[in-house]
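Number of protein chains: 2
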Amino acid sequence: MPTNTGSSDVRVVFTPSGKRGHFPIGTPILHAAQALGVDVDSVCGGRGLCGRCQVVHATGNFPKHHINSKSENISSISETEKVYAAKPKKTLLDGRRLSCATQILGDCVIDIPPDSQVHQQIVRKEADAFDIEIIPPVQLHYVEVWEPNMHDPSGDLRRLREALEREWHLTNLRFGPGMLLSLQKELREGDWKVTVAVDYLGQVIAVNPGFKESLCGLAVDVGSTTVAAHLCNLRTGEVLASAGMMNPQIRFGEDLMSRVSYVMMHPDGDAEMTKVIRETINELAENVAAKANRKLDEIVEVTFVGNPIMHHLLLGINPIELGGAPFALATDESVRIRARDLKLNLHTNTRCYVLPCIAGHVGADTAGMILSEAPHKREAITLLVDIGTNAEIVLGNKERLLAASSPTGPAFEGAQITCGQRAAPGAIERVRIDQKTLEPKFKVIGCDLWSDESGFSKQTKKTGITGICERIIKEGRTFSYILHDGEQKIHISQNDVRAIQLAKAALYAGIRLLMERLDIESVDRIRLAGAFGNHIEPKFAMILGLIPDCNLKQVSSAGNAAGTGARIALLNHESRNEIEEVVRHVEKVETAVESNFQQHFVNAMAFPNKIDKFPKLAKEVQLPAENMNGNIYDIDVPAPKRRRRKKANL
Amino acid sequence: MPTNTGSSDVRVVFTPSGKRGHFPIGTPILHAAQALGVDVDSVCGGRGLCGRCQVVHATGNFPKHHINSKSENISSISETEKVYAAKPKKTLLDGRRLSCATQILGDCVIDIPPDSQVHQQIVRKEADAFDIEIIPPVQLHYVEVWEPNMHDPSGDLRRLREALEREWHLTNLRFGPGMLLSLQKELREGDWKVTVAVDYLGQVIAVNPGFKESLCGLAVDVGSTTVAAHLCNLRTGEVLASAGMMNPQIRFGEDLMSRVSYVMMHPDGDAEMTKVIRETINELAENVAAKANRKLDEIVEVTFVGNPIMHHLLLGINPIELGGAPFALATDESVRIRARDLKLNLHTNTRCYVLPCIAGHVGADTAGMILSEAPHKREAITLLVDIGTNAEIVLGNKERLLAASSPTGPAFEGAQITCGQRAAPGAIERVRIDQKTLEPKFKVIGCDLWSDESGFSKQTKKTGITGICERIIKEGRTFSYILHDGEQKIHISQNDVRAIQLAKAALYAGIRLLMERLDIESVDRIRLAGAFGNHIEPKFAMILGLIPDCNLKQVSSAGNAAGTGARIALLNHESRNEIEEVVRHVEKVETAVESNFQQHFVNAMAFPNKIDKFPKLAKEVQLPAENMNGNIYDIDVPAPKRRRRKKANL
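Note that the protein sequences, when read in sequence, are chains D and U. Okay, so the first sequence: first residue is 25 according to the working numbering, each after it adds one. Okay, so the second sequence: first residue is 25 according to the working numbering, each after it adds one.
To be clear, the hints were calculated from the coordinates, so they are not data collected in a lab. Bear in mind that the values here come from a model prediction, so they are computed numbers and not experimental data. Please note that the accuracy of each hint is not assured.
Note that the list lumps identical chains together, so a pair holds whenever it fits in one copy or between two copies.
What the hints assert, rightly or not - Derived lysine to aspartate or glutamate pairs resembling EDC-like cross-links, with alpha carbons at most 16 Å apart:
(1) K640 with D548
(2) K467 with E477
(3) K209 with D292
(4) K114 with D139
(5) K637 with E540
(6) K577 with D476
(7) K217 with E561
(8) K577 with E191
(9) K612 with D176
(10) K637 with D155
(11) K209 with E296
Please put together the full structure from these sequences, using the hints given.
Listed below in structure tokens is the structure:
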């Protein structure tokens, strides 16, 4: 009763919240904090087992609080604290106290350090990314359950409910029928002491015998090429382990459309692909759990992002409708489903959250990118682009957000290019050609030197070209440019140039279409997601006509934004409502039915982009003259610091 | 807007509800009824497809309603009605109109016949049973869904949601992830017209292409010996088909305790028994569906009753805890679970409702019996007894209800009796012995004659004795009475008498215990459930000391009360709340820990009952003298009309 000021009451102020109240002498600090609604963690319910409720007693005079906080104003180190500190793997840092085992004896100021708060923040290293607030989807509650008693018969479940209500004020919890299968064993194994995992929807996920420290969640990015999984501590947000695997569906078709074609040709093709992707997720889960020394059944929550076809195949929905107009999604809502319904070998009650798809070509991966980049929270007009077989484009700000997909085809990913390959070590990622001699120099992923610099080993493996680019030879009816004539001959054909032209025109047309809708000629920020975004140089991309006018400093790589979005959804359940709300209000633009798209596409075909004005870029670089015939390689500009693809680590 | 009285408005009164209002001329009757909240059924939403909204136009002067209801006051037979009536299997009875296709033209009185109401009543044939109000757990809603459109992309699920809201005002419906797997196909197969089954919790169960007429539910009584299933029309309550099968778990143990012992001895014994009981339910479902010419996936709701061990094994919960003190149930709550989680091959979204257990020996079958018999709705103190290996006893009225289980053992079911067998055709069910000659006469189930009557065929198959009772022979150290010395020798041993003595004493002790708690010496009504209750004669049962004093007219068979309870829970979802509430407040009495039980048991051992007073019975029959030495067979009383076990048909 913090407001009843009895004569024996003393004053307590909690920082950083500033919440304060009066309490009787002898009140445990934890009780006072909980009574005032101070954000302080506890799993064991004040039994000195979990160590989550550690606080710091701030001594000295606090004019702001008008409190004289002296060391004798709280009780001295208790036996409970000594026992706790003596436990293996447990520490009570100098100056820290277990608030459940420390009583208030006089006026005092108590600080709750960040790691003792339930709602922790993850500071993101990226320049202007928003921090992530952790609002765990699943929390642990330790309880002592009354044993069965023949004089007052009641079920084990009822007595567990009663304990959760008595000790944690948790009511109306839902226990899935699966819980019942193991409940008796768990209660008896823990000698009627259990730690119960409850999700934010009031669903009980797990009953762990005895005291349980922490839980894990898994964020999964189901790409059409690779599947990546990150195991996270649900309380701290820490990434405990990450792993990636090739998507085994590749054997059914390299790109998305060939996989849909496979389904069209094979009656059970979708079921086969669903099976293999789920098996891959199981393997990834085993992999990360082993790395982090966790058990699979400690993973109690999973989030997924993926394009619409991956989304459908993961859920077991036939993707055929996405293979042709009108490209109708089965659902554009988020999906909450039990892990075992996806045949995932996690805890029997583990729930999965699949982020919502936006439109037939704009999937849950784009939703993840939006959640990570948060254009809907900014004033600046942001362009988000994720380039794959299709380019997903999101444009707008807090007022209005548009999304579309452009059919760039696989050229940007190196497919359908004579010597093309994906962006991977060994791939040529930069080419510069001397305008007079037509001699090239190039750079390869995995080596910082140009091919004409001393030290660039002849042995550096060059396996192919990624992106766009002396010696011209005739091959049949078309010409090719010989880029490298070593053991492995790498050349660029006229068709290759054409393919890149079509791809960049499609991308640019899509972007122009959205800019037209917003009635803008330039954007404030451009964020390029995915592997392609990590390897592209913004200046050239802009001049070539892949992206629109923007201050070059405001063009940057967003890393694996979709995967980051999956992690945010995993760690902060409120972000799920946020992305659902944003997705509902995103204006979906279907390029295929927009009459202007074709015109934008034709206009955008030229190298370099000659159609649009680049007022922002023009301030930074000298733009090529109209009659440059596409030679843009000598434009001099201090290159922006090379962004290497980092393992996305929050 | 029924309250806005415009100059062109006319008056409408609906019967039997008496609801009335003013409507503009031309308003379809269905709209007026719906606007007034009149209980009138409709599946097709007023499209003239379902025929559920049939009404009768009452003509003439209605002083009560001050309305002159003339034939011209409603529109004449419409084209829609002609088309409907011409359809195969559809009828529009003389005088009936489709309210959706009939307009109000003047003041009128419209009657909603019972079969056009959603909330129908099932009148039960039994003397004082309450009628069953049907409040279907799942209802059908026909909708026309907008087709996907590239100009305004949205998921199939979203457009279906919109249609359900637009046409039926249904919002916040929950679509299980399983729905998504088939949704696209169903919508396209029905050409974007579907009939959606929605349960009372707002969960969508099924999307049926095109127009769908009706749904089924299955009520299952999982007995330890037999499993019975009843397929019901969820709208009318009609039993479409019934079937029963032996419980295959019998091969693991004849009685419950031997099955629990099997589990104790075999690590996967519970899983084996769970598997076979679920397979049996699948077979029964196939059987009743085939009989009724329905498909398995038309079964969208299932209810279960069963004793605690059957309950646990059905759900896949290990029943070992029920095999020993303190006999703790995993749960005493009702369980709602997906049919496919029970491996039932019904619709993928079919839900099962398992009635709550009451205590470790008092199961969901007793809850079903309470729901069917409704002692909690009566003033009269009712005793409900269901005799099996244990006897479940419920005693009380609307003020207070007590429940207990007494360990009668299997003697009443014929087990552990030398020539014993279950109550089935061929079993001897009545014996009368001449006191002087010691010559017996007997009756056999399946034949109305006594063995000494002309016509009683020597060929009537006598397979054993059920229940209790010339010629005495010595067999080893004990004596036996030869009841029948034909091809098959049927005798009753001293041990048999002892077994029945123990059984009846246990039953009576349990009843006395509850009566003691209620501080009563007699009860107002006795209802005997199950097979045993169908074959017993109340007078003898009372004098022998199986049941307490009661007016003989008030002692009757409750038939398969547990199965009826399962059907009530199936047809009226509100009854589920009712039984859950009753079960929560039932006072559970554990005979094993009641110190008085042993004394009651010893007292109840004598034949006949000499301990208790039978003031009510004494008014009807002359009670045996104290020195009668157990001969009670010549008591003369008009025998109550023989109650045959009926196929429980609501």
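So, against the hints stated earlier in the document, which numbers end up violated here? 6, 7, 8, 10, 11
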